[in-house]
Amino acid sequence: MAQIQAGDRGAFDQLVRRHLNAIHAYTLRLSRSPADADDLTQETFMRIWQKAATFRLEGVRVTTWMHRIAHNVFVDGWRRREPTQPFDDEYVDTVPSPEPPDDDAAAALQANIGRLPLNQRTALSLCLLSGFSTDETGHIMAISTHAVESLIARARRTLRQAFREQVNESATCR
Amino acid sequence: MSMTPETGSMDLHAFITLLDKTGSQQTAWHPAVRDEARRLLAHSADARAELQAAQTLDQLLDKVVQSFPEHRAPRGLHARILAGLPSRKDSFADRADRLVGWLMAGFWRPVLLSLAPLLLGAWLGSAIPLQEEEVSPALDLSAVLLDEVYTSYD
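Heads up: the sequence lines are chains A and B, in that order.
Numbering follows the working numbering, with no gaps: position 111 of the first sequence is 111.
Numbering follows the working numbering, with no gaps: position 75 of the second sequence is 1075.
If you're looking for bench data, these hints aren't it; they were derived computationally from the structure.
Positions of the beta carbon are idealized from the N, C-alpha and C atoms, including for glycine.
No false leads were slipped in.
Pairs of lysine to aspartate or glutamate, DMTMM-like flavour, derived with a Cα cap of 25 Å:
1) B:K1063 - A:E165
2) B:K1021 - A:E149
3) B:K1021 - B:D1046
4) B:K1063 - A:E169
Covered stretches of chain A (in silico footprint by chain B; criterion: 3 or more residues with CB under 8 Å from a CB of chain B, positions within the stretch not fixed):
5) 7-13
6) 44-51
All chains should be built: construct the whole structure from the sequences, respecting the hints.
Below, the structure written as structure tokens:
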């Protein structure tokens, strides 16, 4: 990172190579559009290059800092393009979905995660899929750790209730 | 954590909140509430049903996480990013960002910066010698003359 801060393009090339998949996966999860994810990823790395000097080596992990920039790029873009839509809006899932799990319950859960409000889905995916701690997730989303825990708790409750309803429905259908 | 008034133990609502916050693994529950939760589970069928639902949810979440394949960014995106990289210009905002970053890096830095004017003043004060008051010959002469004028009136 110190080399990138000094303007070394070769070191930046290595950084892109190492983190491109993770940043693209994150922007795809946020935007749910492959084309938008490409643009957001490019914009994210451009900002990383320009803002490298502001990164503090003794602060957060590089990957957390980069995800925060990606998050900010997404939020800025969202505000510019959709001024009338609320940030937490749900919209059609166009993400190339992951491998469908082998059982119906897991597939239903996957669909339910996709229906969660954006903030809950983001917090859940950063903690569960990307393996960030609640502290790091809070840093990325620019909210407190307590707020992250609250989002995840609400997400879990919604998912559990949806799961129980589905179980009850399937029981009454039999 | 709310407790039932008659027994002082955990109620179902508090137990559900516990499951939402920490999941179904009892080892993850805080020791202070674990015993209360276990007592509730011993006599409440609703609590056991909630726990079972939470355990199933946790297992399914693990399955969903495992079903996500390693994501690969599209080919060509790496090259596109590098090709579109702007030359890094030191704008005023960048310099200000760097200064703020430098200041925030340690406690001693803002302290040292705020002490700088004081230290500069002290150094200037010690470096510049005190000048003794000099009497110019012209003033001296005028004083003598005036004195003579005044005394001539006496």
